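Asker: So you can see what is in the structure, the chains are spelled out below.
2 protein chains.
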Amino acid sequence: MKVSVFNWAELSESERDTVLQRPAMVEDESIRQAVRDIIADVQANGDAALRELTCRFDRVDIDRFEVTSEEIDAAKSLLTKPDRRALKTAIANVRTFHAAQSSDDIDVTTTPGVRCERLTRPMETVGLYVPAGTAPLPSAAIMMAVPAQIAGCTNTVLCAPPRSDGTVDPAILYVARRTGVTRVFRVGGAQAIAAMAYGTESIPRVSKIFGPGNAFVAEAKSQVSADPNGAAQDLPAGPSEVLVIADESARAEVVAADLLSQAEHGEDSQVVLLCTSSELIEAVQTELQTQLEALPRSAIAAEAMTNSRLVRVASIDEAIAVSNRYAPEHLIINTRDARSLLPAITNAGSVFLGPWTPESLGDYCSGTNHVLPTYGFARNYSGLGVEQFQKFVTVQEASESGLRALGPIAQTLATLENLDAHERAVRVRLESL
Amino acid sequence: MKVSVFNWAELSESERDTVLQRPAMVEDESIRQAVRDIIADVQANGDAALRELTCRFDRVDIDRFEVTSEEIDAAKSLLTKPDRRALKTAIANVRTFHAAQSSDDIDVTTTPGVRCERLTRPMETVGLYVPAGTAPLPSAAIMMAVPAQIAGCTNTVLCAPPRSDGTVDPAILYVARRTGVTRVFRVGGAQAIAAMAYGTESIPRVSKIFGPGNAFVAEAKSQVSADPNGAAQDLPAGPSEVLVIADESARAEVVAADLLSQAEHGEDSQVVLLCTSSELIEAVQTELQTQLEALPRSAIAAEAMTNSRLVRVASIDEAIAVSNRYAPEHLIINTRDARSLLPAITNAGSVFLGPWTPESLGDYCSGTNHVLPTYGFARNYSGLGVEQFQKFVTVQEASESGLRALGPIAQTLATLENLDAHERAVRVRLESL
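Those sequence lines, one after another, are chains A and B. Sequential numbering of the first sequence, starting at 1, is according to my numbering. Sequential numbering of the second sequence, starting at 1, is according to my numbering.
Heads up, some of the hints might be wrong.
Said to hold, decoys possible - Some chain A residues judged to face chain B by a derived CB distance under 8 Å, without partners named:
#	residue
1	PRO136
2	SER139
3	VAL393
4	ALA398
Don't read these hints as lab results, they were simulated from the structure. Note that the structure is predicted; figures quoted are calculated from it, not measured. All C-beta atoms, glycine included, are put in the ideal place defined by N, C-alpha and C.
Hey, can you work out the whole structure from these sequences and the hints?
Answerer: So this is what it looks like as structure tokens:
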């Protein structure tokens with residue numbers, strides 16, 4: 001495996017675009033059609049469709065989709081004490097960081113007698129999807145359920161695929177129990193998304209669906225969110241990615257490990273290194289080879305590395321400019337005085353500062369959310385937070401004197417826009433004063 | 001014109017669903033295809049396509065799309081003093097309310113030695129679309145440009161359709177000048193959305209597009225936002241709507257005027273009255289007829305009224321429950337002690353409290369934003385605010401001791417999820433300590 005190396009200064013603008021290009025996302029009409037069929041089936045046949053689809057895709061016959069409270073309680077005994085402690089610590093840190101995100105209500109008098117407010121309201125019913133494809137992802141459950149709980153959602157529904165014996169991964173159940181998830185269902189894939197968007201006999205309908213997943217899950221979220229009678233979705237899907245900025249103070253072994261920890265996510269993952277030192281780039285190349293061989297998921301990581309680039313930059317300032325242009329999901333700044341670079345970072349999902357902050361900390365337990373905008377969406381989307389489980393309601397209340405003062409302004413503007421009934425709604429009130 | 005009247009208590013659950021059903025949004029494949037063609041044309045041919053499309057749709061030949069600074073400055077002299085004063089007052093109130101929306105940065109130590117932050121960053125380049133179909137909408141320019149300015153967007157691009165003489169409505173230009181809009185272009189319709197999403201020789205590419213518009217504009221926003229290389233959009237489109245809750249203290253003339261001020265927006269607008277008094281419902285029916293005849297836009301309003309419902313409810317509590325189920329874009333509470341009902345309101349875009357607060361105040365100048373979630377999206381979307389022009393970047397920084405404390409937790413969870421390279425990225429650091 002040889003990763004491409006480029007020198008930024010020697011590239012033309014269009015070559016630079018190419019170097020920073022993401023791998024194209026597969027547009028597969030067969031996936032689209034399969035998902036359309038699954039959604040239509042679940043809408044028409046409810047639980048019966050879920051049962052049949054679960055037999056087909058998960059190879060297990062499920063009679064009762066809801067995981068019982070007893071089963072959730074029993075999950076604890078199936079985990080080791082260190083695993084439980086790790087999950088509890090992660091939950092605690094994510095809770096601490098997200099608790100600081102609560103929005104204060106706004107209450108402003110904009111004109112004497114005209115009071116304007118903004119109130120925060122939780123979404124009532126939300127759906128969390130926790131995949132368990134190559135491995136169960138209890139960390140994903142933490143990253144969604146904790147902000148839902150802090151937001152104050154009344155009903156938090158969680159779906160996770162059943163294992164071959166029909167049970168759900170105990171770490172996911174343990175997290176659900178400790179984070180206020182209301183109900184858990186053993187159903188996965190596009191059928192789980194369809195069930196939460198439209199409801200079935202056993203699965204309640206939700207107004208917004210969160211969570212990662214494979215191409216079928218992502219397509220299902222996209223389809224139900226395009227339907228006004230479906231459910232909203234969290235973030236646009238895309239392959240995971242990391243960009244590392246390193247200067248000569250960084251250790252090659254660490255830089256290579258950081259690049260590979262992203263590459264093992266999937267064959268479509270992308271990793272980019274921006275480095276001021278040619279020597280370090282060479283050393284990283286060697287380390288990548290060595291470390292890759294030792295990885296159980298080396299085939300996936302090796303494939304992902306073919307999408308990846310090592311780029312020589314002239315300065316750290318140039319690295320920051322390139323990074324902002326790329327807008328990475330994860331940005332590791334492994335340089336001297338990394339914190340001083342922070343004010344210049346405009347586009348990034350989450351930033352990992354200094355030599356002692358691997359991405360894994362944020363993926364699991366530093367406290368920040370690991371659901372982040374990828375594929376360049378960091379330019380115009382935020383990672384998951386409490387706000388995405390809430391919405392704002394604005395309020396205005398005019399007194400008689402407030403309407404006397406501001407009503408004529410509204411009348412003038414309504415007239416300017418030829419909206420006579422808008423003007424009249426003010427006039428019928430003013431005339432009675 | 002006779003508006004349907006229902007008694008909530010006498011309806012079955014499925015009849016209740018029907019009464020609260022929105023008019024179906026037209027799914028018109030011919031619009032979709034026309035918009036696809038326009039977008040492809042603008043992507044391929046840039047300004048030349050814009051010129052040709054503007055000739056075709058706006059019947060004017062535009063040579064230079066950018067509105068000059070001199071032209072923007074001259075707009076002031078084309079407006080009356082009262083119009084200028086009204087626009088200035090609206091801008092000032094919207095600014096006052098939106099200035100209160102700035103998010104504080106978060107800085108939390110979740111574990112000793114592990115510092116987590118959330119920083120706010122403006123979107124760099126945003127596009128505002130201001131339609132001018134049946135009438136120019138300078139108020140829409142205010143509602144988008146003021147939060148963009150408060151958010152700190154570096155480049156705010158505004159597009160508005162040219163009039164038959166090639167100029168842009170002076171009220172829109174006057175607002176642009178006073179709200180920090182960077183550049184203004186005379187181009188409208190789906191072609192304006194395509195130009196902002198992909199860029200042309202004269203129009204810069206933006207990362208997110210805001211603004212109302214007709215079916216072509218809405219479809220274009222939807223298409224470019226589905227393309228990862230396009231631009232994000234603000235809110236899903238839908239027809240405007242109001243729900244009025246009234247008790248016997250409300251005046252029929254006022255209630256009717258409020259219903260009609262929404263109905264005049266478009267034939268697909270929907271208005272709903274929830275009222276505890278049969279007498280008031282009858283009086284409102286009569287008033288609707290009288291006031292409708294006097295409206296210049298009576299044809300539009302009369303058509304919209306056929307989508308509309310007057311509903312008798314048993315109590316104000318029942319009215320609140322029905323309103324939350326409907327999730328109206330605008331909610332007027334014209335009752336005794338309206339403020340006491342506010343805590344029970346869970347789903348609404350914006351609320352207008354008491355007898356002296358017509359929707360027109362919020363549409364123009366109370367200070368709240370008039371870009372609001374319609375069509376039931378108030379369940380899971382907020383109206384426009386400063387946040388939609390910003391994104392959050394999270395940051396974490398571990399010290400050596402922070403990594404010693406929290407690294408093993410990340411290692412345990414990575415192992416639980418079978419992500420060995422994630423574990424290794426921690427280990428290579430811990431081993432060097």
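Asker: Run every hint past the structure and note whether it holds.
Answerer: Do the hints match the structure? See the list:
1. The restraint placing PRO136 of chain A at the interface with chain B holds, with a minimum CB-CB distance near 7 Å, inside the 8 Å limit.
2. Residue-level restraint check for SER139 of chain A holds (minimum Cβ-Cβ distance to chain B is 6 Å; threshold 8 Å).
3. Of the supplied interface hints, the one on VAL393 of chain A holds, with its beta-carbon coming within about 5 Å of a beta-carbon of chain B, less than 8 Å.
4. Using the Cβ-Cβ criterion of 8 Å, the hint placing ALA398 of chain A at the interface with chain B is satisfied: the shortest such distance is roughly 5 Å.
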